[in-house]
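2 protein chains.
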Amino acid sequence: MTQAVRHDSMRARNLEVVLGEVSRGGPLTRAAVAERTGLTKSTVSKLVGDLVDAGILAESGLTRAGERGRPGVEVVLSGNRVASLGLEINVGYLAVCLLDLAGEVRLTLRLARDNRGSAPDEVLAELQVLAAEALDEADRLGFTLAGAGLAVSGPVGDGLLLSAPHLGWQDVRPGEMLDLPVPVELDNEANFAALGEVWFGAGELDFLYVSGEVGIGAGLVLDGALFRGAHGLAGELGHVVVSPDGPPCRCGGRGCLEAYAGQEALLAAAGGPATIADLVALVKGGDQRAELACAEAGRALGLALASAVNLLDLDRIVLGGIFAPLFGWLSGPAEQILRERLGRLRGSVPTVTSSRLGASAATLGAAGRVVHRVIAEPGPFLAAHREAREA
Amino acid sequence: MTQAVRHDSMRARNLEVVLGEVSRGGPLTRAAVAERTGLTKSTVSKLVGDLVDAGILAESGLTRAGERGRPGVEVVLSGNRVASLGLEINVGYLAVCLLDLAGEVRLTLRLARDNRGSAPDEVLAELQVLAAEALDEADRLGFTLAGAGLAVSGPVGDGLLLSAPHLGWQDVRPGEMLDLPVPVELDNEANFAALGEVWFGAGELDFLYVSGEVGIGAGLVLDGALFRGAHGLAGELGHVVVSPDGPPCRCGGRGCLEAYAGQEALLAAAGGPATIADLVALVKGGDQRAELACAEAGRALGLALASAVNLLDLDRIVLGGIFAPLFGWLSGPAEQILRERLGRLRGSVPTVTSSRLGASAATLGAAGRVVHRVIAEPGPFLAAHREAREA
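Just so you know, the protein sequences line up as chains W and Z, in that order.
Quick note on numbering that gives the first Met the number 0: the first sequence kicks off at 0 and runs consecutively.
Quick note on numbering that gives the first Met the number 0: the second sequence kicks off at 0 and runs consecutively.
Everything labelled a hint here was simulated from the structure, so no lab data went into it.
Heads up, a few of these hints could be off.
Pairs involving identical chains hold if they fit within one copy or between any two copies, as the list cannot separate such chains.
Below are the SDA-like pairs computed for lysine to any residue, each with C-alpha atoms no more than 25 Å apart in a straight line [stated by the list, open to error]:
#: 1; residue 1: Lys40; residue 2: Met9
#: 2; residue 1: Lys40; residue 2: Glu136
#: 3; residue 1: Lys40; residue 2: Val75
Hey, can you work out the whole structure from these sequences and the hints?
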């Protein structure tokens, strides 16, 4: 290792340590940061100066007596200068949010739109309009954009949407079709929604987030981080076997969970209401066929979740997407199956709860990932900031 | 952090760095270690001296021209002074192995014994006899024992064997019932066997190890480490749902994989041979009923694995335990199901291979975990060594 490389990597590491202390424990004076990190006060002052300069930290305006007797100015994460964009293409809507570095949502836009069978460039042009509105707002507020995340309803590997069967898309790179001033990180909506739950929902760090939509996906969160599998395709709960000779599924198999509890199967079993909102109205009105359809879907969900718990040893399951508004009619039958199949072996069954975020989970997770990366590893953002200013 | 605490933690960290370089890249001279780690030569000399003194490193006897022009003596992991013990209680046998720090097996002992319905203290007394033989051998060879690992056929949490249904045990602490001069680490045999495969088998770092015995367990290895779940109970592949209304299972559910492909179900379906060796003889002789039973078990295995791959995104599956000798009759039907259910969605299906280690995987993994921990984190072993010598 050369001296210069060692110095750069030490600086990067120290930036992470300093920003980590302030983001977890702030507001803090520079002296308190030095005390907590074991770094010298002059090193801390230099690093805090750079972070304030780039808009990541801000002086809170408060002063307090420092640990060594001198009053010091406290610094906190700045909510006014750096932001990120969360974007989502779902089967039934497009959505965008603007999130600041302190975790406040500054703007949300949502456009109901039936994207089934639409060409990618057509859908992306619509999303671009929403994104442009969010960029204008970011500009107006004086934010520097740190990045963007785009949630899509299909498996993603290395920036490529492998397939979105309900949209009819295959091998599309929607992130590259947008005209944005920052790179776009693409991921599956269940993955982003699971991260949204970690950061903006109940705050749990270990759970399986189940995203019920036309398809059914899941995001497995372990110690606050996503489990992605060998190719980023983990969490395909929709194709877990419920019954090996059940109805055919678009994956080529039979009796997958999606064939019982996916949106289309569920609406058909309920006698054909047009939307989930209509189905909710039916079950609220006591419609027996609709109630039975939800109970059947709940039992199928329970069987797939029993397999998932046996493999993954989960304590907590969060039901999101269409399962959130139907929670009252699905969760009882699902939990009954979990008790029957897991109780004797494990002594306990996982908690099943409804997502607090509903349909905004994925955009929050997409924008949140950018914000969390800047905080966990501020070096690249600082370097880009320096370059932009020198240019 | 006080000065002393900081010094100790820095020393521990530097020990890890130095030993890591030698274990990955050795034999190395002290000068080469200093060059690679960025530590000073005097620090490296002191740390290497302590590691040689404790028997973790040894001078190889070779010298070579050092990077700075001076010839230096090379050091390597020592295979002659520190060892660990691997122990296993399975339904049909007891086993012990003695493993040195350089990864050589110095002794293996195996006793066929039907442990079904045996009282824990009776089985542990038998295991103690085997362990004592291994301890004598370690003594004779001049080894210091660094620790022991004990593999058991049931779910384990915090040193407690929660249940071993095929033995009829519940809430037993077998590690504490042994009289050994070192602490015993308890874990599920599928977990230890999976680690055995990483260190002594095909050397893959990402796979699902499937342990077929009377029960069916699995150890999920991710980047060379075990995935354990919320309570260490992950990998219960035997209770993944194959068919929701299938034959009853001892877990309280119906149609679990174990009810189709566990040893007892398999032998019964094959017309009742007494042992797996007898079943292997039947299929080798072309017995149709036995072949059909294996094919049915293979299809059930394929269905459970399809669910596992959908959830975990696995590239590789290793079949061990009774599935290894039956691999030729099970794997074809299992792979057929995997192709049908995974091919369209993923484009590829995971590789299915047979374990190379057979029945010794679990003891190797149990002993190997101790050895790998000493190498990854030598501080505690060095401290114990120093205390023992000062006493």
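Right, here's what the structure says about each hint:
Proximity of Lys40 and Met9 under a CA criterion of 25 Å is satisfied in both settings, with 16 Å inside one chain copy and 21 Å between copies. For the homomeric pair Lys40 and Glu136, neither the shortest alpha-carbon distance inside one copy (38 Å) nor that between copies (57 Å) is at most 25 Å. In this assembly of identical chains, the alpha carbons of Lys40 and Val75 lie at most 25 Å apart only when taken from the same copy (17 Å versus 42 Å across copies).
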